[in-house]
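Starting from the two chains in their separate frames, assemble the complex, guided by the hints.
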Amino acid sequence: MAAAANAMNPTVGPTTLHMHGLLFVPHCMHIGNPATILFALTSTSILIVVDSWVIRVVLWECCCVYVHGELLENEDTCLKPSECRDMDFPGGKISFTTTKSFLPGSSEERVPCYRVLDEEGYSSSNILEHVISKEVALKIYSGMVTLQTMDKFFYEAQRQGRLSFYLTSFGEEAINLASAAALSIDDVILAQYREPGMLLWRGFTLQDFANQCFGNNAGHGKGRQMPIHYGSKNLNFITISSPLATQLPQAVGVAYSLKMDKKDSCVVAYLGDGSSSEGDFHAALNFAAVLDAPVVFICRNNGWAISTPVTDQFRSDGIVVKGQAYGISSIRVDGNDALAMYDVVRSAREIAINEQRPILIEAMTYRVSHHSTSDDSTKYRSTDEIEYWKTIHSPITRFRKWVERKGWWSDKEESELHLDVKKQVKHAMDEAEKQEKPPLRDMFTDVYEDLPSNLVEQETSLRETIQRHPQDFPKDIPL
Amino acid sequence: MRLRPVVSSMRHYSSGTKEMTVRDALNSALDEEMAADPNVFVMGEEVGEYQGAYKITKGLLDKYGPERVVDTPITEAGFAGIGVGSAYHGLKPVIEFMTFNFSMQAIDHIINSAAKSNYMSAGQINVPIVFRGPNGPAAGVGAQHSQCYGAWYGSVPGLKVLVPYSSEDARGLLKAAIRDPDPVVFLENELLYGESFPISDEALDSSFCLPIGKAKIEREGKDITITAFSKMVGYALKAAEILEKDGISAEIINLRSIRPLDRATINASVRKTNRLVTVEEGFPQHGIGAEICASVVEDSFGYLDAPVERIAGADVPTPYAANLERMAFPQIEDIVRAAKRVCYRSVPLAATA
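Chains as they are written, first to last, in this note's numbering: chain A, 1 to 479; chain B, 1 to 353.
To be clear, the hints were calculated from the coordinates, so they are not data collected in a lab.
Treat the numbers as computed from the prediction; the structure is a model and nothing was measured.
Hints are all accurate, no fakes.
Just so you have them, the derived chain A footprint on chain B, three or more residues with Cβ under 8 Å: (1) 63–75; (2) 109–123.
A short list of chain A residues far from chain B (calculated; beta carbon distances all over 12 Å): (3) 113; (4) 407; (5) 412.
Ideal Cβ positions, reconstructed from N, Cα and C, are used throughout, including at glycine.
Pulled out of the complex, with its shape left as it was, chain B reads as follows (with noise of 0.2 Å):
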């Protein structure tokens, strides 16, 4: 007869083997965060009673009130303008966007108002705002749902561009993110949300807070550097397991900031590994890849054995049909096919599939 234990069949190690769900990662962070400061408060479409488009803010209008979780009229550039206006006196609103493509409705507000205000006012106002939402494609959503704004607010001073993949991620840069004097954006990924991933007890403590700026090696190597970000970090996982088989040995870079971007840690491994690729689902004109490469030439150029290879989405508004879907969006086994090249172990650049 074998016993079994009457609670669930996970085992807790010291070192912690518990694992949490992204959404519950971001949820927990988000309650941990208003609990301790009263001026934290949570605004958006369907964040409330729904407990959010997505449930990340599942729970959080029972726990405090309609005051603390704003379910607001359809209008981005409304509850965008009114976060800022708050942000500007003294609270700290963690605005959700539904996808960051209906950000662009708000666009105005985050970039000439949120982004530029601490530095037009002489330092007189400052707007510690978050603003969060999933970015990039999810699956089938066709182009309005599916563009990855990575590159679009990297490239405005004033703003911090966060992007987790893991749990912990999750956790450690969405606490930095509300505690941060600064405007955030935080972009998320749709289907990292169900994803469960390891967490230790560490990133479970409610003072955890990943340090913003600083990229994560998530697998050490000597061949190759990978950079990637958000659910490109778990395809360049794979892809490195594949390669290993090759011989390969791949470094994977999680870049969890796209600003301020980690330049020293990216440069730092392609002087040891000396060839780079670059992967993002972005559209590939003047895309995070563009932005790493020009890093990379500038600082380490001599340290280069092969040119920078960039992966990226195609150059297309994201198409509906499935299987167009997927030829538009980096795969595996494009990360793979890329690495050889840039290792000279393929035929130069073959057509996808």
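Same shape as in the complex, but just chain A (with noise of 0.2 Å):
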């Protein structure tokens, strides 16, 4: 009798169970003597052998132990075996797993790069090629012509030292201009600084875009900021702010003001490579993610942040991979395929209005520019590297291919283009050095929505100093 009440009750502890190989989960605790376990007969029913009577025990995957069927006396915390698959922890249920597994930092495959355009300008989509209209594509194509002549000259004028600094897109055309046409005037963009292409697009001049640089009265920005930092409230460009990845979290804010207007548009956020490690773009994904709001983020993997390439930059497969950790959709695509950067762009932002959520797209592309005119690029990468990105895998030649076989576009026309543009370039420059500089009163305005009391006084005294001494007064400063 004495055998048979200890057969009801186990004598096998979870200590013994573990040490031979059973998973078990603590929801109920056995306590008793440690009993021989003769062998496992499956991993879910073991023999044991308690005061020399051979009980099968079934255990079940998790803890419950049972004993001729009949599940034995336990804690009241011990559920039962169906309900001890997985778990409600905050946040919500996951499964437990018998095998130890780390997750690996990167899969064995690299995400791969949705393409359109092959490098021969041949499309591998014939419905995207009706998608985009003869008018859109000319625009396109146009626009990157543009935008890399407009760089050519601007750069070689710093060089010159008509200009204090300046910085090229080169070899970005595509991102720049294939990005702006799939978006509406009412989408709302954060860019980084080598995204000029879109106001290009939306129709800054190439008067405007020089005034800036300039720092000339006719520009909008009063000659308050160094070259490239443009921005228009018109064209629903913030202005280029310094710091990188500001723009990203601020990015975040302005789709939260236009969801709370629910308003039909999105905003668009750009960002380098190197700027992913900045603390922002990790704040910025997060809490894009948590507030459901319509951002789309477009990360130009160009291979370079300034002299640090993207293998001393992270250790992930690029910035693709990175949104899942933030619970967003993201996608790679190559960023030199004008057709691919426009469908992808034009995805995202239906899906971040419709479904209001982010987006991140990673496009991948290479820096054929020196990071800017205060960069000489050739001192830490092969002037061969760049010279096969500048030619091989050129933007701009790839999409001529595709309109030139379309029959939309000729050799005629692309001199014809290259001389009007490179007139046009030549024309604004010359205008806008010739401009008068910012009157006196631009250095004092604008710090505040009103002159306050300690600046009008400052600016009086400054005056009565320059009537007192004008020789000393620079002459091309309007009072």
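What follows is the structure, encoded as structure tokens:
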């Protein structure tokens, strides 16, 4: 009888079972004398010896011990086996596993890159071909050429000492113009600094660009910022800000405002591969997901952050994989393929607006430019590498082949375009240089909405000084 | 048999001897501004469900909903940046920092984005944002929770920096800050939240607003000017009572605004009294007192009968132990002693205590 009583009260403890390789989640703790386990019949049943009685014990994966098919007495907290497969942790249900394995830092294969046009300008998608009209395609193409030409001349102007600073977008023209074409004018853009093509698409003129860079009176900037820090309220393009990645959480804020107004538009925020290391990137993506903000983050992965190659920037598979960490749908696209860029940005925008959630796009490309006029990238990378990307993978050449093959473009139009744009750029620069500098007043205004009394005093005092010593005051600043 | 009113024992005169805590003052100001303008919204850690880390935003979530009272993940840089971005696009965010010590994690957004945007965008983008929260020391919270940021933010053109003391200050200045089109840093004080002040009917009205950039003369005097802000105003007023017994009549100026600094009021007062003591809890070097001293020397040098004295917190990270903490911040006795020194009534600079 004692044996029978023993059989009902198990003498197998969790430690013993675990020692024998059986997973034991201690919902139910059975305390007793260790038994001798004869052998494991299967992973779910074992034979144990108790006082010379052999008992078959059926074990469930998690915890509860059955003897002879009957659930033994155990603590109140024990759940029935069918309920012990997963757990409602704060944040959601998670299933348990008996396999210990670490998620790898990166998957065996890198995330593939979506592309439509190959290097010879052949399109893999008939559907897409019919989505872009001739008008839009040519506007994209001539925009790319205009951007490239403007960059060439403004860069030279800096080298000649006519501009203090400039930053080009060579090699990234497709990202600029194709993504701009996929958006509507109501979508608000928060760019980093290598996206002037967005403004070009929306109607910012070459003269506008030149005026800002030359810091003259006609510029919208009132000479307040260094070159390439464009901005336009009318064109929904927030003024460029130098500290990297600060535009990202701000983009989420703008999107929140659009969301509260229930607008049918989204926010598009650009960043480079280097900026993805900033804390603001993390905060922005996390927040965008939590707030269900309609933002499209577009990362131009061009391989370099000044002299830091991407291999020194992060260890992940680029930026596309980071989206999942925040619960954001992401895609990797060939940034040098204008059609693919157009397609992806268009889709992303639709999702962001209709489903009110953020999207992450990683556009793979190459920074043919030096970082800026303050950089000579041949110091840290080979000229061969630059030349290779500049020629073989030029986004402009690739797109031109496609539009030519469609019968929309010819050599004649090509040379006409180049001549025309060159002339316009030169003219814009000459005009900008001739313009007056901003007047003295502009030094004091816009610090606050209204001019504060201390600045009024300072301006008055300054003007009095100028009156007394006119010969010491620069002639090209209008009073 | 004595009849007692059934209602609370507070008596209400038309001139108003109602009392209100600073906490309630801030809460009511936020409530009224949110009711008046649908673009105003509150964002920060614990502002919603928790009713605010210091209960300043109590009741607002229930009244206005989660769209306008946003609980955020723990990222100051994140929510400050989001606030700035939303302000770029027309909303009026009130961003709460659990303490301004944590604002350092967001300081780039405050200074490089909020403060400078209107200027750098040539007037295209203004940023009507308010950053608010407790500033300066509390009690026994150690070095990383006790710094005063008045001098840091006060030096930045493009920002307005306000420092309320009483409940009337809290209501009037917060309302002014929310309505202001420029970015405002609103420095409160944790220990003042629970303090009660008399408040007039005028101040209780929902249209009440105090002008930004005007200091208040809390107590008139003729022998010495003492400037202070936030909690130190209370200390200065108590010091004034002690000094009165010694025949020194102190004029106490509640700055209310660090940027713009009300130099006119300060200088007018010094020209009347000829002596100045500045009081602040922040670190001495490059502090508020240094700026006030420079201003007075520039504008009213000839009127000074004695050098200006600055009283500030000790030049050490704030210690935790209560006895050390007490020695690290100005106490009423320090103000009294400094006032006497400036009046040549005591031996020069003795050590504290």
